[in-house]
Structure formats: C-alpha cells, structure tokens
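J.: Given the sequences, and given the hints that come with them, work out the whole structure.
What follows is each chain in one-letter form.
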Amino acid sequence: MLSSRLLLLLNAFIAFAFAGSDYHEQLLLRPLPQDTLLASFNFRSNESQASFEQQNFRYVPRSLGQILQHAHTQELHLRFSVGRWDAENWGQRPHQGSREGGTGVELWAWIEAETEEQASARWLTLTNALSGLFCASLNFIDATKTIRPVMAFSPEGDHRNAPNLHLLHGTLPHEVVCTENLTPFLKLLPCKGKAGISSLLDGHKLFDASFQTMAIDVRPVCGLESGKCSLEMEQSVDMVLDIARSKRPKDNPIPRPLPIDQIECDTSKGFNAQDTCFPLNKGTEPGWTLEEVFGKPLRGSCPLVEDGEDSNSVCINTPPERTIEVRSNGDFSESRLASDTLRCYKLPVGADFDLVLPEQKMTTGLVRSDPALFAARSINGHGQERGSTQAIIRNPSTSEAVEFVYLESLPWFMKPYLHTLRATVDTSSESPIKETYYKPALDRQRGTHLELRMVIPPSSTLTLTYEFEKAILRYTEYPPDANRGFDVAPAVLRVLTPQAADKKGIYIRTTSLLLPLPTPDFSMPYNVIILTSTVMALGFGNIFNLLVRRFVGADEVPAAAGGLKGVLQAKIAGIKAKLGRA
Amino acid sequence: MALISSLLALRRDARILKIPPYLSALCIVIGIAWLLVLPLNDYSRNTYVSENALLPGQVHTYFAGSEHNVFRAYRHEVWGLNEKPVAERSQRLADMFRSNNLKVATQKYSYHVSNRTIANENVYAILQGPRADATEAIVLIGAWKNMQDEANTSGVALVLTLARYFKRWSLWSKDIIFLVSGDSTTGPQAWVDAYHDGHDERHVERLKIKSGALQAAVAVDYPAGPWGHRYDKLHVLYDGVNGQLPNLDLFNTAVQIASSQMGIGCAIQRMFDHRDSYKERLHTMLRGMVSQGLGHATGPHSSFIPYHVDAITLSTVGDGWHDEMSLGKTIESLFRSLNNLLEHLHQSFFFYLLIQANRFISIGTYLPSAMLIAVNFSITSIALWVASGRSTEPIPNPAATAPLEDEPVKEKTAEKSATVTPPTSSEKPDMELVEQNGAKALVPAASTTITERHLLFPLLSVLTMHFLGLLPLYLFNTWSSDTLPALYLTMANATTLFPLLVAWFFAELRPLSHQENTLIQCFSLLLLGMILAALATLNFSQSFLIGVLAAPLSFVRKTNKTWLTVLQLILLALINPVMVAQWSAKLLGADLNHVLVLAAQGWAVWGLWTQVTVWLVWFPAWVCATVVVAGGAVEGGIL
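Those protein sequences? They're chains E and R, same order as listed.
1 is the number of the first residue of the first sequence in the UniProt record's numbering; add one for each residue after it.
1 is the number of the first residue of the second sequence in the UniProt record's numbering; add one for each residue after it.
Accuracy of the hints is not assured; some may be wrong.
Derived DSS-like pairs (lysine-lysine); straight-line CA-CA distance at most 25 Å [stated by the list, open to error]:
#1 Lys586(R) to Lys561(R)
#2 Lys205(E) to Lys228(E)
#3 Lys279(R) to Lys84(R)
#4 Lys103(R) to Lys282(E)
#5 Lys247(E) to Lys103(R)
#6 Lys208(R) to Lys108(R)
#7 Lys103(R) to Lys205(E)
#8 Lys247(E) to Lys194(E)
#9 Lys269(E) to Lys282(E)
#10 Lys247(E) to Lys205(E)
#11 Lys470(E) to Lys415(E)
#12 Lys269(E) to Lys84(R)
Which chain R residues stay away from chain E? Per the calculated CB distances, all over 12 Å, these [stated by the list, open to error]:
#13 Leu17
#14 Arg359
#15 Ser513
If you are wondering where the hints come from, they were derived from the structure by calculation, not from laboratory data.
C-beta: ideal position from N, C-alpha, C; glycine also.
T.: Right, dumping it as structure tokens:
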C-alpha cells in the first residue's frame with residue numbers, strides 16, 4: 001500500500017512543481033523486480049500564448065512551434081516506443097500509460113479546421129513536417145493509417161475553439177525507433193543533452209532497454225482565475241533498464257559465461273561438486289551507479305531550471321533501508337519525502353553528480369500496485385485466407401468493475417467480419433459491450449476503425465474475438481520484405497472508470513501483431529519479365545537489322561586495294577563523296 | 001489436311017488400340033527408372049543456403065566455461081525428476097525457468113485414442129526479446145521422452161541451460177520459446193495446435209501466454225543420463241506430418257553449422273555410415289520416401305510443419321568424442337542465424353528429396369517419375385473407355401490394309417443399296433456401303449454401328465466401392481488398441497474374399513456384361529490416375545509408392561483362361577493394401593500392431609491423411625479390379 005500512496009504523492013508533487021516555472025526537468029528512478037530499473041525523465045517548458053503567437057520562442061523550440069502554427073495544431077501527442085511493458089512483474093505503467101505509445105510511432109493531434117477535408121490537408125502537412133523534424137517515416141501516415149477516434153481520446157488542454165477541433169490519429173507499428181529519433185528529440189531540449197538530467201540519455205543504453213518510450217506532448221493550459229493561457233510542452237522518456245545488461249562495459253559487451261567462482265552454487269544439492277554447480281539466485285538487490293547504467297556521467301544541473309523549492313531534479317523511489325551514497329564535487333541537497341521512500345536531490349551546477357547503490361540484501365520492499373487492466377492480444381488460426389484475433393483483458397480488482405474503451409485501428413487488407421465479433425466474460429453471461437462505433441474499411445482508401453465501450457466485472461476475464469479475411473494485394477503493393485508479414489497497430493485501451501486523477505487518462509496498449517498475407521513468389525514475375533525482354537530483344541534486333549541494313553552480294557562490294565595505297569584511295573573516295581554531296 | 005485425315009484414319013486402326021497397354025507399361029518402367037537415376041551426380045545438386053540473412057556459422061559461440069558446470073547440475077536435477085509424478089516435474093521445471101526470469105506456463109493434454117489415454121503436461125517458457133515487439137518467435141524444444149521412449153535427460157537439461165544463457169544476451173530480435181513437451185509427438189502437437197487456436201478444448205488446455213508468429217522450431221534429442229555420453233554424429237530429422245518438409249534453408253543451416261563450424265558429422269534417415277556411393281544415396285532416398293510416404297511424425301518437430309513453421313530435430317547418435325557443449329554451441333549458432341531472419345523462411349525449397357546431408361534433388365527433377373506412374377492409369381482408363389464403346393465383334397482391318405482373302409471383296413458386294421448386306425459366309429464380315437460427297441466406300445458394318453455405353457451401373461458400382469472404404473477407415477481409427485490385431489486379421493481375410501463374393505453375387509443376380517466390366521475398370525482407374533497425379537504434387541512419395549503398388553491394376557483383365565485368372569487373383573491378393581501392410585511391415589522390420597496403433601493415433605492427434613488415401617483411393621481401386629477379374633473366375637467355374 002505504501003507504493004500506491006507514494007504514487008499519488010508523486011503525482012501531486014509533479015503537478016505542483018510545474019506551475020511556477022517556465023522550465024522544469026526531473027528524473028525519477030525506481031528499481032523494479034527482476035533486477036531492472038525504471039527511469040522516467042520528464043522535461044516541461046512553458047511559453048505564454050501571446051509570445052507564442054508572436055513567434056517569440058524561449059523554451060518551446062522554434063522548429064516545433066512553427067510547425068504547429070503552420071498546421072494549425074492546437075494539441076499534439078507524439079510517441080516513439082520499443083519493447084513491451086511487463087505488467088505482470090513491473091505493475092502499473094509510468095504515468096498510468098498516458099505518456100506511452102504503441103510499438104513504433106504513434107501520433108495524434110487536435111487540428112483546427114473548418115471542414116474535414118481541411119483538417120485532413122493540415123494533418124498531412126503536420127505529418128510531413130514532423131517526419132523531417134524527427135527523422136521518422138511519419139510521412140507514411142496517410143489516409144489508410146489515419147482514424148478519427150470518437151471515445152478513446154479526449155483533449156488534455158484547455159481549448160477555446162472546441163467545435164472546430166478535429167482529432168486525427170495515426171500509427172506506424174513497423175517503424176524502428178533508434179538513435180536518429182533520439183538526437184532530434186534531445187535537440188528540442190533547452191540544455192540539449194549537455195547538462196542536466198538529459199546528459200544521461202545515451203542512444204546505446206536507451207535502445208538496449210527492455211522497454212522505452214519517448215513522448216512529446218504539446219497542449220494549451222489556461223489558468224482558472226487569471227484566464228491567462230500558455231502553451232505547455234512536455235517531453236518524457238520512460239525506460240526500463242536491465243541492470244546487469246546495462247552495467248556491461250562498452251569495450252566488452254559480450255555476456256561471456258562468468259568464471260565459476262563468481263557464481264553462487266546451491267551446496268545443498270547432493271550432486272554439488274567441483275564441476276557441477278546448480279546456480280542460486282543471490283536474493284540481493286544488485287549494486288549500480290548512475291554512470292554505470294547510463295554509460296555517461298550526470299553533468300550537473302541544467303542552469304535554465306529556475307531555482308526554487310521544487311527544483312529537485314533527481315528522485316529515487318526505494319525502501320528507506322536502501323543505502324544510497326552520493327558522489328559529487330559540487331553543492332547538492334537531499335530531501336526525503338513520502339515517509340522516506342522518495343529521496344530527491346537538487347543537482348550541483350557545473351559539477352558531476354552520481355548516485356552509488358551498493359549490492360544489498362533487502363528485508364523490506366515497496367508494494368507495487370497492479371494496473372487497472374491486463375491486456376494481451378494475439379492472432380489465431382493459420383493459412384493464407386482467414387484468421388481470427390483474440391484479445392484477453394483481465395480485471396485484477398476484486399471489488400471494482402472497470403469500464404473502458406477498446407480502440408482497434410486495422411489496415412484495410414485485414415478485413416474483419418463484424419458479425420463474428422464476440423465478447424464474453426467468464427463470470428457473467430451478460431454482454432460486456434455497451435457501445436460500438438465501427439467504420440468499415442475501404443480498399444486502398446481507409447482502414448477499419450473499431451471502438452467498443454465495455455465493462456468488466458471485478459476479478460473477471462473478458463475474451464474478445466473476431467474473424468477476418470486477408471486481402472490479396474497487388475504485386476507492387478508489397479513491401480521489400482513481403483514474406484515477413486504486415487504489422488497491425490496495437491489496440492489502445494482507455495480506462496473510463498475508475499477515473500483518472502487528471503486529464504491525462506489511464507491507457508493500456510497491447511503489443512502489435514504480425515499478419516502474414518498471401519505472398520506471391522516474387523521470382524516469378526521477374527522470370528516473366530526477363531523472358532519477355534529476351535524475346536523482345538531478339539525480335540527487335542532481327543527486324544531492326546532487316547530494316548536498316550542493306551544486303552548486297554559479295555561480288556557487288558567494290559574491291560578495295562590492299563596496303564597503304566588502298567587506304568589512301570578509300571579516304572580520297574570518302575572525301576570526294578562528302579564534297580560531292582555538299 | 002491430308003495429314004489430319006490420315007491421322008483420323010489411323011484412329012480406326014486396330015494396331016493403335018493395341019498400343020495403350022505397352023504405353024502404360026512404358027510409363028511405369030520409365031517412372032521407376034527415372035527414380036533410379038536421380039541419385040547420380042547429374043540429377044542431384046549440392047545443397048546451398050539461399051537466404052542471405054541466415055549467414056550460418058558466421059558468429060562466435062560463447063556457450064562454454066561455467067555453463068558446463070551449470071549444465072551438469074541441471075542434468076542431475078532433470079534425472080532426479082524422472083521418477084517423479086508429472087505435476088511435480090512440471091512444477092520443478094517451471095521453477096527452474098522462473099529462476100532465470102522467464103515467463104512460464106504449463107499446458108495439460110489428454111487424448112483418448114483407440115480406447116487408451118495419452119495424457120501428459122507441457123511446460124514452456126518465453127524469453128521476451130529485449131528489442132522485440134512480440135511479433136515473431138522461435139522455438140527450442142526438448143521433449144521429456146524421445147521417439148524411442150527414452151528419457152531425454154541431457155536434451156532437457158541443455159534446453160534449461162540455454163534458456164539461462166540466452167537470457168543474458170540483448171541481441172534477440174525475436175522471442176524465444178523453450179518448450180519441454182511431455183512426449184515427442186503428442187505433446188508438441190497439443191502445444192502447436194493450441195498456439196494457433198486449432199485445438200479441441202476437451203482434450204487440450206488453452207495456452208495461458210503466447211508470443212508472436214512462430215518462425216522456426218528446433219528440437220533436441222540427447223538421451224544421455226546424469227553422467228553424460230559422448231556422441232559421434234548428429235542425426236537431423238526433417239520429415240513432417242503428412243510428408244510435408246521444412247524449408248531446405250533451415251536444414252542446410254543446421255548441417256552447415258554442425259559440420260563446418262563445430263566439426264560434427266551429420267546423418268539423415270538413419271544412414272549413419274554414409275560413404276556417398278550410389279547404393280547408399282539410393283538407400284537414403286528410398287528411406288526418406290518411405291518415411292514421407294507414410295506421413296507419420298518422426299520427432300517433436302513434425303507437428304510444427306503443417307502450420308508452416310519450419311522445424312527440425314537434432315538427435316545425437318553413436319559413440320564418439322563430441323560432448324553436450326558442442327551440441328549447445330551448435331544450437332546457439334543456429335539460433336543466432338535464425339535470429340538474423342528478416343522474413344519468414346521462404347527462399348529455398350519446400351519440396352525435395354535428400355540423398356545425403358548435403359545433396360538434394362529438387363521437385364522439378366523428381367516429379368515426372370510419380371507423374372508418369374499416375375499417367376499410366378489414365379492411359380489405360382482412356383483405352384478402356386474407347387474399348388467399351390466398340391462392339392464386341394472383331395473388326396477386320398479397313399481397306400487400307402490387306403484384305404482378309406485374296407478374292408476382291410469389292411466386286412462381290414457392289415450393290416447399290418445402303419442397307420446391311422446379308423452375310424455371305426461365316427468368315428466374311430458384314431459390309432456396308434458408305435457414301436459421302438459422292439464418294440462411296442464399303443466398310444465393315446461393325447465399324448459404323450454405334451455401341452451405346454450404359455454408364456449408370458458401372459458408375460454406381462465404382463462409387464459404392466469408394467464409399468465402402470469409409471467402413472474400415474472408421475473401424476481402424478475407433479476400435480480399442482487391444483482389438484486392433486484381431487480387427488486386422490478379420491479385415492485381411494474379409495478384404496481378400498470380399499471381391500470374390502461380390503463377383504459371385506453379380507454372377508447370380510445380375511451378370512455383368514463385357515462392357516460393364518470394362519467401364520468399372522475404366523472409371524476406377526480414371527479416379528486412381530487423377531488422384532495420384534494430384535497427390536504427387538502434395539506428397540510425392542506417397543503417390544509414387546501407391547502408384548507402383550497399384551500398377552498391376554492397369555493390366556489385369558477379365559479372361560476366360562483359367563490359369564490366367566488364377567495367376568491374376570494371386571497377384572491381386574499380394575497387392576491387396578491390407579496384405580501390403582503386412583509384408584511391408586515385415587520387410588521394413590516394423591511391428592504391425594504398433595503400426596496400427598500409431599496410425600490410429602495419427603488420425604486422432606496428428607491429423608494424418610495416409611489412411612484416407614489408403615482406404616478411399618487405393619483400396620477401392622483394388623476392389624474394383626479384383627471384382628472384375630474374379631468375375632472371370634466365377635464364370636469359369638473355379639468358384
């Protein structure tokens with residue numbers, strides 16, 4: 001229970017923190033089970049609406065601000081994600097899933113426009129511009145990958161001109177997120193990864209994480225009393241590091257088997273011997289330092305963070321008994337919050353800062369809170385023609401029913417049969433589906449958009465299945481790696497009740513799916529092309545020869561005299577012919 | 001035009017009608033000879049890896065050092081679980097996987113086949129690829145018991161050790177599933193069925209956790225006890241259920257890694273001492289064909305192949321100097337290669353015959369042989385169809401050839417009537433005047449009369465015979481395993497006597513005309529030829545073997561000669577599918593009762609189609625031919 005109380009405290013802490021300053025950054029570290037470490041980076045900057053409109057940018061980067069203005073985008077959410085959040089072991093997601101995206105790239109935005117067509121045009125502008133800015137294939141989010149969700153998302157910001165706002169949502173599940181996306185992300189920060197907590201972000205470690213998600217959220221915020229509005233931009237990175245893997249030195253990253261004397265053996269086994277070792281888990285928290293797991297030192301605080309009570313930049317959430325040493329040459333301060341389970345540090349300016357946690361045997365631990373729902377989705381069946389999708393959603397709560405929205409955005413070549421849609425709950429015979437929103441696909445124009453509002457009774461499991469047919473694509477519509485299959489975007493679950501504490505909402509995303517489609521043998525068309533070309537070439541060559549060559553008898557050819565004389569005669573004859581023609 | 005008309009004239013030539021049996025025989029001879037030349041260098045090729053991404057043997061393997069100590073401990077631990085009840089065993093295996101931070105689940109299954117219960121439990125663990133997105137997975141299988149029902153102690157221990165070792169690597173682009181199945185054939189089948197949601201909830205439990213689309217599966221069979229055993233070679237098993245084969249690239253990768261990188265020899269089809277001679281190549285190929293033709297599961301990998309998951313089993317054989325670590329390194333290297341795959345294995349061959357671990361025959365080269373065998377039935381069938389449309393009276397050769405007698409026929413029958421002339425003598429055939437475009441010709445009457453074919457009765461009889469096959473199909477797959485030998489004996493006697501009985505009934509109740517006999521044979525051979533040709537593209541070996549064993553059906557005829565009838569009946573009794581099962585089991589050294597039990601299990605669990613082809617294709621064809629021949633025996637008074 002400690003941890004859930006702690007979470008609430010943390011949220012309040014963060015909410016309080018940003019109100020006063022124009023730029024704020026914070027790193028929250030939390031050791032998770034199985035020797036992993038959750039690191040949540042959060043960077044927040046404010047710009048008043050007036051100065052934003054006058055293109056007077058301070059903390060909000062100009063490059064992004066101008067794109068937003070040009071595309072008339074009022075609110076923007078962009079996500080880059082790799083890996084899976086292991087809810088069974090790690091519990092609730094950071095920010096309750098509201099700062100997380102599906103595998104690959106996910107983008108949704110509220111765009112101001114008079115008509116739907118105008119909104120689509122502006123959406124296209126936005127995706128193309130962001131594509132350039134973030135070195136991602138966002139420009140591939142075309143009409144077939146765009147949907148207009150109805151229930152699954154609601155605006156986080158305070159909007160004045162609500163009726164003219166259009167919500168558009170697009171995903172790229174196959175996009176591989178890598179360093180080329182991190183660099184532009186860091187460039188948007190005021191300290192650009194040179195100082196402050198962002199100096200810890202290193203591509204090698206970030207993309208070696210078991211789970212990582214980068215988020216950019218831009219929204220307008222208006223004060224209740226003052227009525228003054230400002231534009232808030234939030235950048236966050238959540239990553240789960242495997243401590244053992246991250247600690248491996250850069251020059252020797254291969255996980256060679258450890259020397260036998262470094263492995264603890266179970267000596268109680270009868271067969272234990274010099275050459276026989278049953279490995280035993282030590283049962284201790286591994287030791288680590290910031291520099292070890294992030295591969296870079298933390299280079300003091302970002303000077304742009306305004307001084308104040310809330311300028312604690314690094315916080316670590318551990319039981320009070322965990323030993324933590326601080327290694328720094330500069331001035332830092334430590335404060336303990338939430339009954340000592342949260343230790344926060346104010347970073348020194350211009351001096352390195354490091355946290356050292358030695359290996360330690362723990363007697364107490366933090367209680368991790370369960371997420372509101374567990375969700376898993378998979379493709380069933382086999383063969384080239386048909387298949388079915390199965391989503392299993394479990395409500396772990398023993399007392400509360402959970403109401404949620406299930407959003408599915410399918411590519412057009414995966415054609416679901418809505419009449420086969422079945423949702424069953426194992427504890428009741430009542431249909432859990434309360435509301436359905438369905439927009440069928442149009443071949444090559446738009447994908448399927450399905451939203452279901454459902455309720456799961458306490459401690460029950462909901463199974464959602466539907467069958468689909470696989471379309472046959474045109475020969476040129478296959479990607480270069482056609483035999484891999486096609487990625488289907490993750491389903492998005494938004495929990496409606498219990499309600500979220502803030503406007504961000506509670507979200508859960510499933511993993512993406514791989515849909516194998518009937519694929520032609522691509523060597524066949526090439527064989528046909530090659531064969532046809534050969535026949536064409538032979539035919540053309542012969543006919544061309546017949547047309548342009550003159551065939552004469554051997555005796556009709558003027559006999560050329562040999563030797564120098566002959567050559568000269570031929571030349572003279574040639575010149576004569578030329579002159580004569582001229 | 002002249003050419004066409006002379007060809008049309010040939011159509012009536014009695015000599016043409018004599019050709020089909022020889023043509024059929026030629027097809028069979030060429031078909032078999034074709035197969036015999038395949039092992040020669042000119043018709044087979046060296047294997048090669050087609051998929052560039054695989055890069056077999058290009059990585060360093062690090063599975064060594066302290067892993068060996070851990071492996072020994074796991075081997076002792078697994079050995080200790082051998083005597084334990086299934087639930088405790090699963091619990092302990094799950095704990096061992098869980099201690100390495102893997103996600104673990106179990107799956108119970110219990111099938112009821114021929115009145116016995118096959119029940120056990122699978123344990124599997126999923127290693128989630130650090131950078132993978134749960135879309136693809138590869139499987140490493142260690143069955144608790146191998147195909148010979150020995151405890152696969154070292155194999156399971158190796159799977160556990162590799163799970164611990166693989167977990168530390170961050171390079172996996174796909175999930176890796178470690179499956180310890182309860183047995184070698186039913187367990188993997190239950191698991192892979194449930195993975196694709198194609199299972200029957202009554203027998204097989206649903207899988208609690210799943211990963212992405214399966215890309216490949218590798219099974220380890222290393223039945224060495226707690227003190228280990230040094231082996232000589234790796235036996236690579238690749239036959240899937242119903243004769244389906246894995247992509248040749250997977251096989252090649254395994255062979256190349258084992259032989260080039262690790263220096264372990266590879267054998268296939270139990271040819272452990274292969275010196276690459278013609279005889280041994282042929283032997284290997286024939287063993288492969290028998291295995292493929294029977295379509296049974298040959299290892300834990302077999303169940304995966306029908307789901308388009310390429311799979312092989314690596315089994316250790318012999319006494320040599322290779323130890324468990326070299327097998328572990330082979331698997332490590334193989335998994336690193338599979339991890340490189342960007343697409344599902346699709347580049348190389350799915351249809352091939354292997355004659356050696358690194359030589360194969362592709363489908364284009366071997367297919368004609370089975371097709372020729374199948375074509376022989378179609379040729380005979382067409383010939384019989386033509387024959388059934390002719391009158392039974394012999395037709396003398398037309399005028400183009402020499403007349404029957406020296407005297408000119410023309411003068412004798414030069415009357416201007418278009419009616420049939422009265423027979424002038426018993427030797428002379430009826431003649432008829434035909435007039436076309438003012439030209440007149442005198443032809444034998446028999447060649448212009450139209451013989452009507454009465455199709456209903458022959459067609460119904462052939463279809464009935466085919467449906468009758470359902471009865472033994474049902475009986476053999478549902479009766480209890482104790483009664484199967486008795487059922488087999490009864491069936492062997494019944495099927496031998498059945499055609500004679502049918503022939504006797506026909507003779508008593510409704511004697512079959514010559515035309516009906518011909519048509520029954522014609523339809524039955526037509527069906528056989530068509531089905532075998534289609535089958536050749538799916539399961540070449542099965543089609544070929546059935547084709548060869550059924551080849552005499554093209555040549556047996558109803559005859560009045562007693563000795564020929566008896567000879568034909570003896571031959572037919574030998575090639576009765578039921579008897580073939582008997583003598584081929586003896587020839588191959590298999591226990592017939594075990595085969596019957598396995599066949600029933602195959603039908604119920606693996607989805608085996610072999611019985612369908614035997615009982616609904618081969619058996620009815622045999623019955624039809626035998627009924628026709630037995631008709632002669634009944635008329636001849638033998639019976």
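J.: Each hint: holds or not?
T.: The hints, checked one at a time:
Between the alpha carbons of Lys586(R) and Lys561(R) the distance comes to roughly 34 Å, so the proposed pair goes past 25 Å and is violated. Taking the CA atoms of Lys205(E) and Lys228(E), the gap is about 41 Å. The hint is violated against a cut of 25 Å. Restraint check for Lys279(R) and Lys84(R): the C-alpha separation of about 47 Å exceeds 25 Å, so the hint is violated. Of the supplied pair hints, the one linking Lys103(R) and Lys282(E) holds, its CA atoms being roughly 20 Å apart against a limit of 25 Å.
This hinted pair checks out: Lys247(E) and Lys103(R) have alpha carbons roughly 23 Å apart, not beyond 25 Å. A threshold of 25 Å between alpha carbons decides the hint, and for Lys208(R) with Lys108(R) the separation of about 11 Å falls inside it, so the pair holds. A distance of roughly 24 Å separates the Cα atoms of Lys103(R) and Lys205(E); the hinted pair therefore holds under the 25 Å criterion. Only pairs whose Cα atoms come within 25 Å are accepted, and Lys247(E) paired with Lys194(E) is accepted, the gap being roughly 22 Å.
At most 25 Å may separate the alpha-carbon atoms for a hinted pair to count; Lys269(E) and Lys282(E) meet this at roughly 16 Å. Annotation: proposed proximity of Lys247(E) to Lys205(E) holds, straight-line Cα distance about 10 Å (limit 25 Å). Simply put, Lys470(E) and Lys415(E) have alpha-carbon atoms about 6 Å apart, close enough for the 25 Å limit, and the pair holds. For the hint linking Lys269(E) to Lys84(R), the alpha-carbon distance of about 17 Å falls within 25 Å, and the restraint holds.
For Leu17(R), the shortest C-beta to C-beta distance to chain E comes to about 41 Å, beyond the 12 Å cut-off, and the non-interface label holds. Remark: the non-interface label on Arg359(R) is consistent with the geometry, its nearest Cβ contact in chain E lying 23 Å away (cut-off 12 Å). With a least beta-carbon separation of about 48 Å from chain E, Ser513(R) lies farther than 12 Å from that chain, consistent with its non-interface assignment.
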